[in-house]
Amino acid sequence: MAESQVAELNNLQREGFSDEQNAQYLTFELADEDYGVDILRVQEIRGWDVVTRVPNTPSYVKGVLNLRGAIVPIFDLRERFDLSSQEYTKDTVVIVLRVNGDTGMRIMGIIVDAVSDVLNSNSSGLVNAPDFGGRVATEFIAGLVSAGEKMVMLLDVDKLLGQDQQSEQELAAVN
Amino acid sequence: MTIDMAQFHQVFFDESFEGLDIMESGLLEMDPGSADPEQINSIFRAAHSIKGGSGTFGFTNIADFTHVMETLLDEMRDGRRQVTAEAVNVLLASVDVLREMLTATSEDAEVDSERVKAQKAELDRILAGDAAAAEVAEPDSTEEACARSEQTGWHIVFRPHSHMMRTGNDPLRLIRELGSLGELNVEVDLEPLLPLSEYEPEDSYLSWDLHLTGDVSKEQIDDIFDWVEDDCDLSIDPICPTQKTPAAAPETASEPAPKTEIKAVPAPDERREGDDRRTSDRRGSAKKSATGGGASSIRVDITKIDVLINMVGELVITQSMLSMLGEEFDISQIERLREGLAQLERHTREMQESVMQIRMLPISFTFSRFPRLVHDLSTKMGKQIELKMTGEATEVDKTVIEKIGDPLVHLVRNSLDHGIEMPEERVAAGKPEQGTVELNAYHRGGNIIIEIKDDGKGLNRDLLLEKAIERGLVPSDAILSDQQIYELIFAAGFSTAETVSDVSGRGVGMDVVRRNINELGGSIEIHSEIGVGSSFVIRLPLTLAILDGQTVCIGSETYIVPLVSIIESIQVKENMINMLAGKGETFKLREEYLPIVRLHEILGVKDAKAKNLNEGLLVVVEGEGRRCGLFVDDLLGQQQVVIKSLEANYRKISGLSGATILGDGSVALILDIPGLIRMAGNASVAFSKDARKSA
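If you're matching them up, the sequences are chains D and C in order.
For the first sequence, position 134 matches number 134 in this note's numbering, and the numbering has no gaps at all.
In short: position in the second sequence from 1, add 175, done, that's this note's numbering.
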């Protein structure tokens, strides 16, 4: 199923390029919630594959993967957001993203339950996430858009993955 | 036919900078008073090539300037001039000026003509200092020649052999170069010229009678014809003042008698010398076949390329063999298939190695500038400093070579400036008058370590801390370890000149040093002891290197231990294991007690098979001078692995130096042995603290 999704998305992506007005987001499911990332940041979508565990990393870092010669870290987004973790199934996919960090572009992967759709949206449809105080971490959420009945949380990829990198580098420096 | 000479400019500049390096290192090794003629020769040759090249490409200012240097060197070579420290210093300064000129020219920038003029005057002063060379009227063309004879010029008969142009020499260039030495009268012999129908465009038919007026030495003329001696008939004879003046050149050209005589005698001798020069030049360029120069290109030893081409050939053969086998494969051919695959593996590995080799350059490309730096700075500061360098042959990636140069210069300069004390201070402190700065480079555990060590006064931690508190970098009640205090000198705010010279002096641009090193994915550490000296240890990853690794397994996971850090692997028996304070496990290896590091604990492997020490194996490793036994489940095999950086897409992880991709496409992590030992050390510190608390 993952493959058919990929093909479909590739088509959608191609169609989408003709429409420059709207930003496009790749939406995916995570514990029955809908999330989205800027589609231009998506490098590829692949099925879940066994990764090599990296010691001394947070538990949401599942390990590293050989992506055509590059060593790419894979993050479990459920664990990252403290959602209940789940066994990986054949629907489980890894979205490989391009992240802008301090030291240039990095490639990182996130594990999500399933990829759903490509969402066209213009900036007027974007609203800020409400403030939950400290209870819910909203710093990774760039905004909310509605897709039909559903609310989609758009993730700020750089903050989500770039920051992880950052904070742990600082940690290492302190050590 | 016109050739766009600009396409050769880059080659010329590359070679010239190489030549400058040769000159510089040669000059630095030269002892005043007793110079090795071979050494002077090599310096001379380098200068000569630069001069020739710049003449060819029309960079006359460079050619003129080099010419003066060359004259001085020539006199030294012939033993007509003593090699004095002053002359060497002037020559060194001239090398710098020449480098600037070349840089400016290569960048199409303006050459600082004032500086060039000043330096040239300096050279002329040295030249004039010789009693023999009395009158120097014109700096670039009047040298010792006038002193050696009263002749007013030279009569040169130049008959190129027909194949001369095919050797890449253009008579016109030679004549132009002659013209730059003085007033030149040229007469062409058109006689041998064939009718157009029989004319061979690549042959040269013409010959020339040349009259060169001016105070020009024979060597200068020889130099011009140096490369073509074998390809022409050449005679050079002096025009005596009693002869007709060169203005009447056509007449003098018609007296061939003396020229044939002279030609007969010196020619063979000269030719031999010319050949020598050429072969040794070639040898020189093979030795220095790779330059650290431009960022975009790399000069690779031709043998490396040949090896690669051979291997590609082999690879193609193996590939076609395998595909033929695959077309009609049946199980009886399995043996041949195995053979073919083994061959393929071997070729691939060899090719991988040689491709890697292309990017690797010895660190001497970076180190070579330091003798000069130390020489200059110590003279300027009135200190006596000896520079010791080891491990210049350590090969590092080209990117590292390019980026590490400036930080190293900074550190060495700091060591000279602020580390090493003045001679009298040193004597008062009971140290030898001469300070020592050491530069070491070596590989260790998948890293390249570069050490800059001095035996100076060391960092004053109290002063550093005081200054940092004063500047508000740390709270006044902070309790910092020595290491943390030394770290302060890397703080950006700490490195302004005036602050630092108040404190300890160290730190000018140290934040930049650290940033550059971090950019390479490396780190820098400081060790220091007051009165004894300090050392800066730069650790750089071998980003593109291959590593010989031992694969070990712990549970279901595979790790790579760099083979260089493994001493041996042993199976321990119960009775070899001792407990230290009930917590730390040690074992006795011959006469030494070594700590045991349980890798599955430190790496958090949950499914490790061996829990008891006698079930698994101990890999005895050494890192940063400390040894320990790594406890693993089993050893798998040795293989060469390509180091991939974890930092490229993620971050540095303590205890790991990188990752690699195994044959099945999966990723295996490479252990950083010194890092692991440090981590284990920290863990045991934690243990001892707990132990104290419970006690």
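These are computed hints drawn from the structure, not numbers from a lab.
Some clues are possibly wrong.
With beta-carbon atoms standing in for the labels, derived distance ranges [stated by the list, open to error]:
#1 D:Lys150 - C:Val491: 54 to 60 Å
#2 D:Asp82 - C:Ile705: 46 to 52 Å
#3 C:Gln494 - D:Ala114: 52 to 58 Å
#4 C:Gly812 - D:Pro130: 54 to 60 Å
#5 D:Asp102 - C:Asp637: 30 to 36 Å
#6 D:Thr138 - C:Thr565: 53 to 59 Å
#7 D:Ala129 - C:Gly840: 35 to 41 Å
#8 D:Gln43 - C:Arg646: 44 to 50 Å
For every residue, glycine included, the Cβ atom is placed at its ideal position computed from N, Cα and C.
Hints versus structure:
1. For the hinted restraint 54 to 60 Å between lysine 150 of chain D and valine 491 of chain C, the CB-CB distance of approximately 57 Å keeps it satisfied.
2. Our hint of 46 to 52 Å for aspartate 82 of chain D and isoleucine 705 of chain C holds, since their Cβ atoms are close to 51 Å apart.
3. Take glutamine 494 of chain C and alanine 114 of chain D: their Cβ atoms lie about 42 Å apart, and the range 52 to 58 Å is violated.
4. The hint said 54 to 60 Å for the Cβ distance between glycine 812 of chain C and proline 130 of chain D, and at roughly 57 Å that hint holds.
5. Separated by about 35 Å at the C-beta atoms, aspartate 102 of chain D and aspartate 637 of chain C satisfy the suggested range of 30 to 36 Å.
6. Hint check: threonine 138 of chain D to threonine 565 of chain C, Cβ distance near 56 Å, so the stated range 53 to 59 Å holds.
7. Taking 35 to 41 Å as the suggested C-beta distance range, the pair alanine 129 of chain D and glycine 840 of chain C conforms, at roughly 40 Å.
8. Distance hint check for glutamine 43 of chain D and arginine 646 of chain C: the Cβ-Cβ separation is about 46 Å, which falls inside the suggested range of 44 to 50 Å.
In this structure, only the earlier hint numbered 3 is contradicted, and the remaining ones agree with it.
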